[in-house]
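Asker: Letter by letter, the chains look like this.
There are 2 protein chains.
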Amino acid sequence: MAELKTERCTACKKDAPLVSESEACELRPQIPEWQTNVRDGIPRLERVFRFKNFVEALAFTVKVGELAEAEKHHPAILTEWGMVSVTWWTHSIRGLHRNDYVMAAKTDGLLAADS
Amino acid sequence: MAELKTERCTACKKDAPLVSESEACELRPQIPEWQTNVRDGIPRLERVFRFKNFVEALAFTVKVGELAEAEKHHPAILTEWGMVSVTWWTHSIRGLHRNDYVMAAKTDGLLAADS
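Protein sequence lines correspond, in order, to chains A and B. Just so we're aligned: the first sequence equals residues 33 to 147 in my numbering. Just so we're aligned: the second sequence equals residues 33 to 147 in my numbering.
Treat the hints as calculated values from the structure; they're not laboratory data. None of the values given here were measured: they were computed from a predicted structure. Incorrect hints may have been included.
No farther apart than 30 Å at their CA atoms in a straight line, the calculated lysine-lysine pairs in the DSSO-like style are these [what the hints assert, rightly or not]:
#, chain 1, residue 1, chain 2, residue 2
1, B, LYS84, A, LYS45
2, B, LYS84, B, LYS46
3, A, LYS84, B, LYS45
4, A, LYS46, B, LYS95
5, B, LYS37, B, LYS95
6, B, LYS104, A, LYS95
7, A, LYS37, B, LYS84
8, A, LYS37, B, LYS104
9, B, LYS46, A, LYS84
10, A, LYS95, B, LYS95
11, B, LYS46, A, LYS104
12, A, LYS104, B, LYS45
Selected chain A positions facing chain B (Cβ under 7 Å, derived; list incomplete) [claimed, not checked]:
#, residue
13, VAL80
14, PHE83
15, GLU88
16, LEU90
17, ALA91
18, GLY97
19, HIS106
20, THR111
21, GLU112
22, TRP113
23, MET115
Note that beta-carbon positions come from the ideal geometry of N, C-alpha and C, so glycine has one too.
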């Protein structure tokens with residue numbers, strides 16, 4: 033199976049497919065630190081990243097933002113002292129697309145590049 | 033009355049005073065766009081800033097972050113496509129200190145500097 037983090041986001045319209053349960057089960061092991069949480073009726077992939085201070089947290093936020101812009105798929109990023117919470121979902125289909133799993137894996141990759 | 037945005041944050045310990053109701057009434061007119069919302073039992077100053085795209089939102093997040101670091105007082109900043117939600121409160125006193133009003137006014141100042 034191809035590594036998620038090496039995939040690119042695909043263009044995503046309103047009729048794009050939600051990730052099926054079996055596909056989700058297949059993809060999950062590649063992003064073990066992410067939780068699937070339902071907020072406002074929409075399932076979302078969420079992970080909290082911890083840092084030593086505010087400056088490091090903000091720097092990570094910028095990296096995630098640059099990645100998002102490059103892939104034209106944008107998350108919610110909550111920046112706090114020593115902590116960044118990243119949430120991926122696909123607005124147009126009000127749920128999780130394969131793109132979101134790809135972006136979660138790529139986000140993990142940004143962290144690995146730091147350490 | 034001195035303008036809030038020209039003040040600096042003061043060092044803030046656990047016994048620092050919460051903003052009194054009368055002081056809040058006095059300061060509020062200087063930050064009319066901010067809401068006081070209670071979350072997890074803690075009153076917080078919150079404002080949503082709107083932008084044309086993700087890049088502009090992220091740029092504003094960075095400015096707010098740099099301001100926060102300069103004043104050693106750190107908010108929660110939620111960055112989304114075209115939108116940044118900034119929340120100020122004082123962790124050590126679990127509520128609103130004058131510093132938070134100062135930082136809200138300074139945050140507004142960042143926006144003014146953009147336009």
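Asker: None of the hints should be skipped; say for each whether it holds.
Answerer: So, going through the hints one by one against the coordinates:
{"no.": "1", "hint": "B/LYS84 x A/LYS45", "in the structure": "holds, 21 Å"}
{"no.": "2", "hint": "B/LYS84 x B/LYS46", "in the structure": "violated, 40 Å"}
{"no.": "3", "hint": "A/LYS84 x B/LYS45", "in the structure": "holds, 21 Å"}
{"no.": "4", "hint": "A/LYS46 x B/LYS95", "in the structure": "violated, 34 Å"}
{"no.": "5", "hint": "B/LYS37 x B/LYS95", "in the structure": "holds, 15 Å"}
{"no.": "6", "hint": "B/LYS104 x A/LYS95", "in the structure": "holds, 22 Å"}
{"no.": "7", "hint": "A/LYS37 x B/LYS84", "in the structure": "holds, 29 Å"}
{"no.": "8", "hint": "A/LYS37 x B/LYS104", "in the structure": "violated, 36 Å"}
{"no.": "9", "hint": "B/LYS46 x A/LYS84", "in the structure": "holds, 22 Å"}
{"no.": "10", "hint": "A/LYS95 x B/LYS95", "in the structure": "holds, 15 Å"}
{"no.": "11", "hint": "B/LYS46 x A/LYS104", "in the structure": "violated, 44 Å"}
{"no.": "12", "hint": "A/LYS104 x B/LYS45", "in the structure": "violated, 43 Å"}
{"no.": "13", "hint": "VAL80", "in the structure": "violated, 13 Å"}
{"no.": "14", "hint": "PHE83", "in the structure": "violated, 12 Å"}
{"no.": "15", "hint": "GLU88", "in the structure": "violated, 11 Å"}
{"no.": "16", "hint": "LEU90", "in the structure": "holds, 4 Å"}
{"no.": "17", "hint": "ALA91", "in the structure": "violated, 9 Å"}
{"no.": "18", "hint": "GLY97", "in the structure": "holds, 4 Å"}
{"no.": "19", "hint": "HIS106", "in the structure": "holds, 4 Å"}
{"no.": "20", "hint": "THR111", "in the structure": "holds, 5 Å"}
{"no.": "21", "hint": "GLU112", "in the structure": "holds, 5 Å"}
{"no.": "22", "hint": "TRP113", "in the structure": "holds, 4 Å"}
{"no.": "23", "hint": "MET115", "in the structure": "violated, 9 Å"}
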